[in-house]
Amino acid sequence: MKKLALIIVAGVLVGVPQAFGQHGRGGAPTTGGPQSEGGKLIASFEYPPIEWQVPAVGRDVTRYEMGNGMVVYLKEDHTLPEFRINAMIRCGSLYEPAEQAGLSQLVGTVMRSGGTEKLNPDSLNVALEFIAASIETSIGSESGSASLYCLSKDIETGIRLFADVLRRPAFSQDKLDLAKEQIRKNIKGRNDQPGSIVAREFDHVVYGNHPWGRILEWETVKQITRDDLVAYHAKALAPNQILLGVTGDFNSGKVKKALEKAFGDWKKSAQPAPARPAVAADFKPGVYFIERDVNQTNIRFGHLGIDNKNEDRYAVSVMNFILGGGSFNSRMTSKVRSDEGLAYSVGTRYETGSNDLGTFYAFCQTKSSTTIKALDLMKSEVDRIRQAPVSDDELEMAKDSYINRYVFQFTSANQIVGQLMSLEFDDRPRDLLEVYIAKVRAVTKEDVHRVAQTYLHPDKVSYVVVGKKAELDGDLATLGQITAIELADPVVD
Amino acid sequence: MKRIAILTLSALVCLSAAQAKEIELNVKRKVLPNGMRILVMENPTAPVVSTYMRYNVGSVDEKPCITDTAHLLEHMMFKGTHTLGTKNFDAEKPIMIEIDRLAHAWEAEKAKLLSPYAGGSQEKADALRDSIAALQDTQKEYVIKDELWGLYLKNGGTGLNASTGQNSTQYYVQLPKNRLELWAYMEADRIAHPVLREYYSERDVVYEERRLRTENSPTGKLWEQFNATAFLAHPYGWPVVGWAADISTVMREEVEEFFIRYYAPNNCVVGIVGDVKAEEVFALCEKYFGPIPSQPPPDPVFTSEPEPAGEKRIEVEYDAEPSVMIGYMATQLGDPDQAVLQVISSVLTDGRTSRLYKRLVDGKIAQNVWSGDPGLVRYPDVFVLGASPLEGHTCLEIEEAVYDELDKLKQAPVSAWELEKVRNQVEAAFINQLNSNTGMASRVASWEMMTGDWNNLVKHRDATLAVSADDIVRVATKYFEKKRRTVATLVKPAKSEEVTKPQASR
Numbered sequence: 001m002k003k004l005a006l007i008i009v010a011g012v013l014v015g016v017p018q019a020f021g022q023h024g025r026g027g028a029p030t031t032g033g034p035q036s037e038g039g040k041l042i043a044s045f046e047y048p049p050i051e052w053q054v055p056a057v058g059r060d061v062t063r064y065e066m067g068n069g070m071v072v073y074l075k076e077d078h079t080l081p082e083f084r085i086n087a088m089i090r091c092g093s094l095y096e097p098a099e100q101a102g103l104s105q106l107v108g109t110v111m112r113s114g115g116t117e118k119l120n121p122d123s124l125n126v127a128l129e130f131i132a133a134s135i136e137t138s139i140g141s142e143s144g145s146a147s148l149y150c151l152s153k154d155i156e157t158g159i160r161l162f163a164d165v166l167r168r169p170a171f172s173q174d175k176l177d178l179a180k181e182q183i184r185k186n187i188k189g190r191n192d193q194p195g196s197i198v199a200r201e202f203d204h205v206v207y208g209n210h211p212w213g214r215i216l217e218w219e220t221v222k223q224i225t226r227d228d229l230v231a232y233h234a235k236a237l238a239p240n241q242i243l244l245g246v247t248g249d250f251n252s253g254k255v256k257k258a259l260e261k262a263f264g265d266w267k268k269s270a271q272p273a274p275a276r277p278a279v280a281a282d283f284k285p286g287v288y289f290i291e292r293d294v295n296q297t298n299i300r301f302g303h304l305g306i307d308n309k310n311e312d313r314y315a316v317s318v319m320n321f322i323l324g325g326g327s328f329n330s331r332m333t334s335k336v337r338s339d340e341g342l343a344y345s346v347g348t349r350y351e352t353g354s355n356d357l358g359t360f361y362a363f364c365q366t367k368s369s370t371t372i373k374a375l376d377l378m379k380s381e382v383d384r385i386r387q388a389p390v391s392d393d394e395l396e397m398a399k400d401s402y403i404n405r406y407v408f409q410f411t412s413a414n415q416i417v418g419q420l421m422s423l424e425f426d427d428r429p430r431d432l433l434e435v436y437i438a439k440v441r442a443v444t445k446e447d448v449h450r451v452a453q454t455y456l457h458p459d460k461v462s463y464v465v466v467g468k469k470a471e472l473d474g475d476l477a478t479l480g481q482i483t484a485i486e487l488a489d490p491v492v493d
Numbered sequence: 001m002k003r004i005a006i007l008t009l010s011a012l013v014c015l016s017a018a019q020a021k022e023i024e025l026n027v028k029r030k031v032l033p034n035g036m037r038i039l040v041m042e043n044p045t046a047p048v049v050s051t052y053m054r055y056n057v058g059s060v061d062e063k064p065c066i067t068d069t070a071h072l073l074e075h076m077m078f079k080g081t082h083t084l085g086t087k088n089f090d091a092e093k094p095i096m097i098e099i100d101r102l103a104h105a106w107e108a109e110k111a112k113l114l115s116p117y118a119g120g121s122q123e124k125a126d127a128l129r130d131s132i133a134a135l136q137d138t139q140k141e142y143v144i145k146d147e148l149w150g151l152y153l154k155n156g157g158t159g160l161n162a163s164t165g166q167n168s169t170q171y172y173v174q175l176p177k178n179r180l181e182l183w184a185y186m187e188a189d190r191i192a193h194p195v196l197r198e199y200y201s202e203r204d205v206v207y208e209e210r211r212l213r214t215e216n217s218p219t220g221k222l223w224e225q226f227n228a229t230a231f232l233a234h235p236y237g238w239p240v241v242g243w244a245a246d247i248s249t250v251m252r253e254e255v256e257e258f259f260i261r262y263y264a265p266n267n268c269v270v271g272i273v274g275d276v277k278a279e280e281v282f283a284l285c286e287k288y289f290g291p292i293p294s295q296p297p298p299d300p301v302f303t304s305e306p307e308p309a310g311e312k313r314i315e316v317e318y319d320a321e322p323s324v325m326i327g328y329m330a331t332q333l334g335d336p337d338q339a340v341l342q343v344i345s346s347v348l349t350d351g352r353t354s355r356l357y358k359r360l361v362d363g364k365i366a367q368n369v370w371s372g373d374p375g376l377v378r379y380p381d382v383f384v385l386g387a388s389p390l391e392g393h394t395c396l397e398i399e400e401a402v403y404d405e406l407d408k409l410k411q412a413p414v415s416a417w418e419l420e421k422v423r424n425q426v427e428a429a430f431i432n433q434l435n436s437n438t439g440m441a442s443r444v445a446s447w448e449m450m451t452g453d454w455n456n457l458v459k460h461r462d463a464t465l466a467v468s469a470d471d472i473v474r475v476a477t478k479y480f481e482k483k484r485r486t487v488a489t490l491v492k493p494a495k496s497e498e499v500t501k502p503q504a505s506r
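Taken in order, these protein sequences are the chains called A and B.
The first sequence maps to residues 1 to 493 in the working numbering.
The second sequence maps to residues 1 to 506 in the working numbering.
These are calculated hints, taken from the structure and not from any lab test.
Among the clues, some could well be false.
Claimed, not checked - Calculated lysine-lysine pairs in the DSSO-like style (CA-CA distance at most 27 Å, straight line): (1) K492(B) to K185(A); (2) K287(B) to K188(A); (3) K185(A) to K373(A); (4) K358(B) to K222(A).
Stated by the list, open to error - What the simulated footprint calls covered on chain A by chain B, stretch by stretch (three residues with Cβ under 8 Å from a Cβ of chain B suffice, anywhere in the stretch; the number is not a length): (5) 35-46; (6) 88-102; (7) 287-296; (8) 355-367; (9) 383-392; (10) 429-440; (11) 454-462.
Predicted model, so just to flag it, every value in this text is computed and none were measured.
Idealized CB from N, CA, C, for every residue including glycine.
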């Protein structure tokens, strides 16, 4: 724990871009051919083919549905004497009204921390920790999650406690109070790091009053009561709203029986899944400036992007890799970081897996006196990729990278089950993982150029900037109308 | 996906029962004639391989005035070699020599500017800076940007990165299993023939890294000040990322000298875990790393921390929520007390049943609480605890609760239940960590590097399982005394006037 804090990493903080699905084959030689002696030598290496298949339900993973609609994915893996269940639950803060903001999060926390009808919080903790097992729950924006980890000798106990937490949480008042105090403290400290300010305010500008842009306030959290949690649980937690992914060292027959015993008599809910509030596709161009006493400006600029049904998403990913997603080998990182030494972490993200409109943004942190210089360089890269087609080398680098590393999406039973289960949870085409590699391979330079022109909107950019105005190297007003965002004490009782 | 129902004995582990103690790690070890050690674990569950190269050099090996050298060098190791990242190294060489010459003149001029008596000239300094920039542009005609990184990416490399700590520097990447030769070639090339090109812009990058992680981060700032307070003499006291003034003045030649001294095959351990055959890995390593000559081993750090003279305290002013770090000067790896400190850390802060969690978090005094034993360290280091108070509570209350709990450890043996719980968790953690190829590659390589035998990681686990309640009383009494203590507290700077903004704002 301690040592981690002292370690410094060379790479950009952003890592490599978000991977998407496909199988593996050696990369084609670079069109132009390598220009270095070493590169030429490496190009002569032959890599024996790797045999592997994208996993599929039925062949690699068993799926069945219980009488009450609970869906179970199973994959035995006897490598190590462990057992895991990961549950995905159809609920989330996306569906909560503004005046109840924070309720989903509290349910997610206190469902576990507040104990169960049979075991008070301390007894539940004792029961789990003594056998080195863990159960954790949380509720995010679009899904809830519950996980069990235990040694395979403890499967029965594990499943029993897991079912109790999901079905019969006690929501102890004491632990609700604790969870609220914790949230209060988080709200209080939300301006401590420039990085959290810029991320939060960017989402708020781009999504406005949609739940994705919402900023959690103590005002609403403090009013939430235990009754609210109990009512939420009664409504949202139902077997037909839950998918279970089960992996590890177990016997399928025995585990099916144990699951039937633990969950079989849980009544189905007749409640329809809640409707999604849609993201309004409007843009809020301008400069949103937040004054802080810092010596490094934190920048995030961008706009609404695309959703995961958009067939251009493969080309968009490739385009983004070349623009700023491909770490050191992307244009923006190469220019701003490597050539000019202006930032440690700089690049772009283009979300392509979102169920509604995601975002495109560029990010950077640079000393106050090079803020405008860095912004100009970043902007010019966005313009450049819209103006002219990318090179063959750039295209191949991006595609090969996605294709060759696809295998890493499926390296453990747990990961495989998670990938397949997510397809069903998000109601995505079931062959999505299978076809991905072909889709990436099919992306052309023309596609990249077209999507850059279609899905990058330099004229509609929202710039969110956290910095010290007096020390900047120029005037932010050249980017657009400036709106100052005031950060006062976030918790006022 | 290749399906493997049950691993055979040739695999990652010999698994006969659901007990960590009965799991044997199947590590194959080879020492090349030049002293480089290669450790391989075959794990056929997926057609991938994790590589981890650990060099026995970190910020602890630096000297004052050139702090950050180890870390800056790690950045520079991605800049290529005589034959990677360049179209023509011979053409680059004279340009680099000239840049170095101008850089010395530039640094000298900048240094003069710091004193009103030295007669430095800003114009002269700027002119030198511009001349360097012009030469850098000339060099760019020959540079192929980030070719090494790009070759890894193109070939499916993930988790590609490197890190520098106080004790070591490591380079890692995961690849599809058939790309191991690419790894061997490039890693050997960069320790045999590295070129520290694009140095001065990278130095600026590192300065931005410092601004990001330390100067504008409350946690980063608190850690830096804590270490600097805890250590008077030992280099564990300076930040891995270096002091600001050092970053902006360390010269390329100094970084190169550091490379020459510390990057040798006999100062390196390689861990490889994945769907590979050990014999094939050994052959590849022999082919590519074999020709690199070994070197006389570098000196250890001779400075040692003097006996503590009394408690040290610092208030770190920063506009953020308060938090506190408490450290006790403890010990180093190889001391049997280390295993005891690990168990103590677990009893205090691991999980919701731990003593300090119950008292501070369940007690609604702190938002969180954590602790850590020194871990894999070459020289005596501190046992640290940290926490942040909830609204209405203070760091002082946290300190009092922590001292009280530490006193309890000295006064009465921990319960049999607590000890058994910790043992169960140690065993399960040992099993759980086998899930990660990268984690295992790093673990075996690190233990081999630190102790000369990777199997000490198993022995250390057994030592941890053997810790008794009496050991805890003894070790707690030995280290948790006021004199050995350093306390760093993050406090808000006093405001000249209280500004309140009633409107809805963030």
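Q: State whether the coverage of the region 454-462 of chain A by chain B holds or is violated, taking the criterion as 3 or more residues with Cβ-Cβ distances under 8 Å.
A: It is violated, with 0 qualifying residues against the three required.
Q. Does the structure keep K185(A) and K373(A) at a Cα separation of 27 Å or less?
A. Given pair K185(A), K373(A) is violated - Cα atoms ~37 Å apart, limit 27 Å.
(Q) Check whether the Cα positions of K287(B) and K188(A) lie no farther apart than 27 Å. (A) Given pair K287(B), K188(A) is violated - Cα atoms ~58 Å apart, limit 27 Å.
Q) Residue count check for the region 287-296 of chain A against chain B: does it reach three with CB-CB under 8 Å? A) holds (count 4)
Q.
Is the coverage entry for the region 429-440 of chain A by chain B consistent with the three-residue Cβ rule at 8 Å?
A. Our answer is that it is violated, as 0 residues pass the Cβ test (under 8 Å) against chain B, missing three.
**Q.** Given coverage of the region 35-46 of chain A by chain B, checked by CB-CB distance under 8 Å (3 or more)
**A.** holds (count 8)
**Q.** Per-stretch coverage check for the region 355-367 of chain A, three Cβ contacts closer than 8 Å to chain B
**A.** n = 3 at 8 Å, threshold three: holds.
Q. Does the region 88-102 of chain A contain three or more residues whose Cβ lies closer than 8 Å to a Cβ of chain B?
A. violated (count 0)
Q. Does the alpha-carbon distance linking K358(B) and K222(A) stay inside the 27 Å limit?
A. This hinted pair holds, its Cα atoms lying about 23 Å apart.
Q: Given that the region 383-392 of chain A was listed as covered by chain B, double-check it with a C-beta distance under 8 Å for 3 or more residues.
A: violated (count 0)
Q. CA of K492(B) to CA of K185(A), is that 27 Å or under?
A. Holds, at about 15 Å.
The earlier numbered hints that this structure contradicts are 2, 3, 6, 9, 10, 11.
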